[in-house]
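Visitor: Read off the chains here:
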Amino acid sequence: MIRTSRVGAALLTLAVAAGVAACSSTTEEEPGAAVTLDYWLWDDNQKASYQQCADEFTKANPNITIKISQAAWNEYWQNLTTQIAAGDAPDVWTNQGSYYPQFVSSGQILDIQPYVTADKVDLSQYQGGLADLFTKGDQRFGLPKDWDTMALVYNTEHLKAQGIDAASLANLTWNPTDGGTFEQLIAKATVDEKGRNGLDPAFDKTKVKVFGYLPEWADGSQGQNGWGNLAASNGFTYLDKNPWGTQYKYDDPKLAQTIDWFKSLSAKGYAPALDKASTLSRDSLLNAGKGAITFAGSWMINSYLGEGAKLKFAFAPLPAGPQGRKTAINGLSDAIWAGTKHKDEAWKWVKFLGSADCQNIVGGNGVVFPAIKTASEKALAAHTAKGRDVKVFVDEAAAPGGTFFVPITEHGNEVSQLVQDAIQSAILGQSDSATALKKANDQVNALFK
Amino acid sequence: MSSTKPRDDRRAAWLFLLPVLVGFAVFYGYPAARGVWYSVTDYNMLNTATYVGAENYTKLLQDDQFWNAMLVTAWYVVLNIGSQTLLALGIATLMHRLTRSVVLRATLLLPWLVPNVTIGLLWMWLLDTNLGFVNQLLHTVGLGPVGFFTDETWAMPTVAGINTWAYTGYTALLLYAGMLQIPQYLYEGASIDGAGEWRMFRRITLPLLRPVLALVLVVSLIGSFQIFDTIAVTTKGGPVSATQVIYYFIYLQAFKYFHMGYAAAAAVFLALILGVLTAIQMRLLRASRSDLA
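Those protein sequences? They're chains A and B, same order as listed. The numbering of the first sequence is the UniProt record's numbering, which starts it at 1 and goes up by one. The numbering of the second sequence is the UniProt record's numbering, which starts it at 1 and goes up by one.
FYI, nobody ran anything at the bench for these hints, they're computed from the structure. Remember, it's a predicted structure, so these values are computed and weren't measured experimentally. Mixed in with the good hints there might be a few duds.
Stated by the list, open to error - Pairs of lysine-lysine, DSBU-like flavour, derived with a Cα cap of 30 Å: (1) B/Lys59 to A/Lys343; (2) A/Lys449 to B/Lys59; (3) B/Lys256 to A/Lys439; (4) A/Lys438 to A/Lys136; (5) A/Lys249 to B/Lys256; (6) B/Lys256 to A/Lys207; (7) A/Lys386 to A/Lys312; (8) B/Lys59 to A/Lys268.
Same shape as in the complex, but just chain B (with noise of 0.2 Å):
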């Protein structure tokens, strides 16, 4: 009887990780770890850094301007992800029901290949409030001047818009990848019974989507967290501070005023939320076994 043990394979496994994780350790471990250690000192750059303890900390938890960041993060958030994943799943069920156009999906994804900067130069062209194209269709219309990013109620949902603009197409393709493993027998049987493409909807496609749903919600809302460039460029986290969210108050703090502890801090801050993020996202996923069986 021969008693072969199985063959350790961990050894090789590890020298086969070993770039990877070098790559990981000087890219992401040590920089991670330098800006947690920066986030409880006191630095500016130009001197060296002095430990402070949580100070930073307890001054982030009392700066209104930090909470106004969050609160106008959120704010974008929902109506970033809200109108994004609604507009999407519409287009994927177009898509997925009446065409299967390849033209039509590459078309889609355009607006997504168009780097941010220039999503945002675009449209503070379109909807600037004395020369925009958008304001003189209103005024042909009879409709007065919108300050699109100057007006303080108008100016997230602008940036929230415009985003949703460049993005929709691409969680459209995500969502329609999903559709596809939908088999389409269920929609034959279905139609055979007499059901509509809205009861088709509701019963077959949203619930079997559900773990496809569930991933890129998720995704694309912490991608949605760290909304930056298109504030960057278009609002400047104004009027006042109506568009400042958290990404913009870390580049403010870091490299415009060179509170790099504090910056640090902000960022180790929102670094937790967006883990916590994860973490929600971990369980909805295990709990999302798909239903297809």
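So here's chain A without its partners, still in its complex pose (with noise of 0.2 Å):
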């Protein structure tokens, strides 16, 4: 009966996650004997890089052959849960900082400490601070693969029409009260439909054609695509310790400063509102020509300078706040799974992903900066050869004090959810910022007691 057959597949949605139909058929083998690796990864961009790392690998370790396999971001988690749960993980896969402390604390991952203590892996060759977030105490559980770090994006001919120097991006600045030079710029790049900009008293905030600034509201509890930035560089910090916090502080006053300022962008109409937004994603609407500048990730570089690109883009530096220019600077790892069959087999080839042989060819193909600064150079000259500047997303990389972590702790996703309804309420005018972040900051922290 259709009824009692939908009730069944409520259940039955929850039974097969649970693992009922799965097998391993992995068995004990000779060392030395034909052993094949499962590898995953996420990103279909960088797929092809990382098949070349392991064409190289197999060639110096012929016994051992990599088989990767690549999902899409959200099923690519769902998967990799399920997959341990069942008992059949991969042996070897690319981890990301909101997902892998659950992984941790299941004791899922190997600690490779004693690998890299024995091997003598140069962990000074990464991006400053990148090894230790995949530290707890002095359990390691992975080496870094990649880095990224956020930057300005604007529509050149927007802005050169707009009578705005290209140059003047260089030095903007911010503060939470009146926006500083970074409000003035976006103020001059909002259009109405009568081609008045927003600094114009006839300015109509109803009718507006270009909006300076694209907001990202679904940015859950980091905010790397915008608040978390300008936050950071008005003095916020996200919880005691990172990695491995367990008390966050996004009551802080100066995190709901700078909410108040992206919701008074709003109000100017130099933004779109939340309740008029569109669901679309930010480069589309930049790409449609709906917006005139937005902060993107490194990880955006093939959108907006690639072919796919419909108009022309350049990067500029993010403004420097109060206490001045801060980016996030988020990395990926490579982890092997506690329960592998191979497990010096999965170390050999982590050791190589995390070595400058296998970085050096990602970076070479210019798809994102691999962690060690050597093969991140080889990126950057990558792309300038294909006549792509990104050189400010290595810069400020490299500025002392310019960079923040972001936050690795247990309970990521749901910290994620609570901080990003908290946002949201707040610029739907539900609540005012203050009020909802200290109730959302309860809630987070209500999660590790």
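Hints are included, so try docking the two chains, each in its own frame, into the full complex.
Guide: Here's what the structure looks like:
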């Protein structure tokens, strides 16, 4: 009967996820026997580069073959968790900060510190601090593979048409009270239907043709694509210690001030209000000429400067806030499954992934910035050779005190939802920023009790 | 006098039922039982499930997000079923009384044949605030842009509207099939007696359609409770939690936060509610013996 089957189906989902049907056929093998390692990643842009690494690796280790599987972001984590639950996880997989702590707490990731010590892996070759993101106490759960920073991206033709000198974007300032020269820039870049910009007294904020700034409000608990960077430059820190902090500080007034400033942009008509915002991605809106400026991560370089872009874009450094210029920096790592039958082989592969040999290949393709500093320079050179000016990302990463790591803690996904909802409710005016953030912060910290 | 006992077919009947029963036990019974078991455990897929008694349920009853999800779902069901049934009834009547074109009937079914995810993406583009066609139209007639998916008051009516668009044709077809069972002579008699279309609809079509209408209503009501894909594609439960329906809540708990036990408890709770609705459906069907005699 339809009714019964539907009720059953509701429960079936859960049971299937619990791993009713999954089987493993790995068996112990003699040392030196042919081994196939499963390696997972989610970015289809990077698959080709890592396939090149795998080929090189197999050349050097003929008995080890690497089988790379790629799945889209959402499915990636669901599949991974299901496979782990079923006892048949990939030997090595790519990790990210919000998801990996739960695998550490449940003992699914191999502590590679003994290998790192034995093989004397040089941890100082990596971009500062990246290697530490994947440690807990004296245990280590991965070697860094790449990093990303944030910058402003802008429509060059539009800014020129508005009489804005591109050179002026190099030294923008920002503060939560009047928005500094950053707000001036946004105002000048905003144009209403009659062609008046945001500074014109006759500017009609109800009929905006091009918004000066496009905000991202589905930005989780980190605000990497907007508020996080400005809040940090205003002196806000997410939590007591990172990684593995247990006390978040979303009730910091410095964050509420930042959110209020973003809200004021919408009120002035310089940015779309959340309830009138598009559900499409900011890069499609920029490409459609609906916006002039927004934040962009270095992972977006190929979208904005590649062949797919319909308009001309360029990158500029983030504005400097009261505490200077601060960009979120985030990194990925490769981890070994604690349950793998081929620990030594998996370590060889992870070591290779974390080595200059592999990262130079990846860097040379100009897709991401590898964690090893010299390989990053290769990536920069590859971009420059293609005529893409992306130096700003590298400069920001290298600036002393100019970066902050996005939080790595337990309960990452729940924190993300709670904080995002709080910020959205503040932006929608359901509650004022300070109250909404205080409430969310209490809920967030309750998760750690 | 030969006293042949009627042959006992029960043994054979069970034999024939066996394949279905095995399928049912493996694919519904066992997972359902496991689901119920998980609902009383603390389980995140990576640990061993430990029994925690009614803890998940007591937590669920105190969870504002859960009750919000129930409320939001109820609001969706009212919007969706209301508009869908009224529209479908109108279309079915038009088909029944005006035209019986097969092409038209097939066209009506088209939206229903399109996968839900495609429908979600299609409408997401059409209704987008900045780039969408609908907002361009609104703009040309001088109306301001409407954030169909991002405005908290509009988001749910928009989702309900999309699904109404997708399912009205199908519902209309079911109702139309029910109308075909109403004898033509009733209409002929009524029109000879001078009854207009509206009167015939109220006095003949509606009363005689009642059993079919009841079935269609309750089946689509239960289907409506299970709204998920359109929301997962378009609003993702937002803005804030204005469209966080119960299925999306369960999905978040299970596959985003990996609270399997908690999600299972919510699923069992939903199953109970659907069970109550099923009971109502059974009763309605029994109560509505056809008036065609």
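Visitor: Hint by hint, say whether it matches the structure.
Guide: Results for each hint:
no.: 1; hint: B/Lys59 to A/Lys343; verdict: 41 Å, violated
no.: 2; hint: A/Lys449 to B/Lys59; verdict: 15 Å, holds
no.: 3; hint: B/Lys256 to A/Lys439; verdict: 22 Å, holds
no.: 4; hint: A/Lys438 to A/Lys136; verdict: 29 Å, holds
no.: 5; hint: A/Lys249 to B/Lys256; verdict: 23 Å, holds
no.: 6; hint: B/Lys256 to A/Lys207; verdict: 39 Å, violated
no.: 7; hint: A/Lys386 to A/Lys312; verdict: 15 Å, holds
no.: 8; hint: B/Lys59 to A/Lys268; verdict: 43 Å, violated
In the structure shown, a violation is registered for the earlier hints numbered 1, 6, 8, in ascending order.
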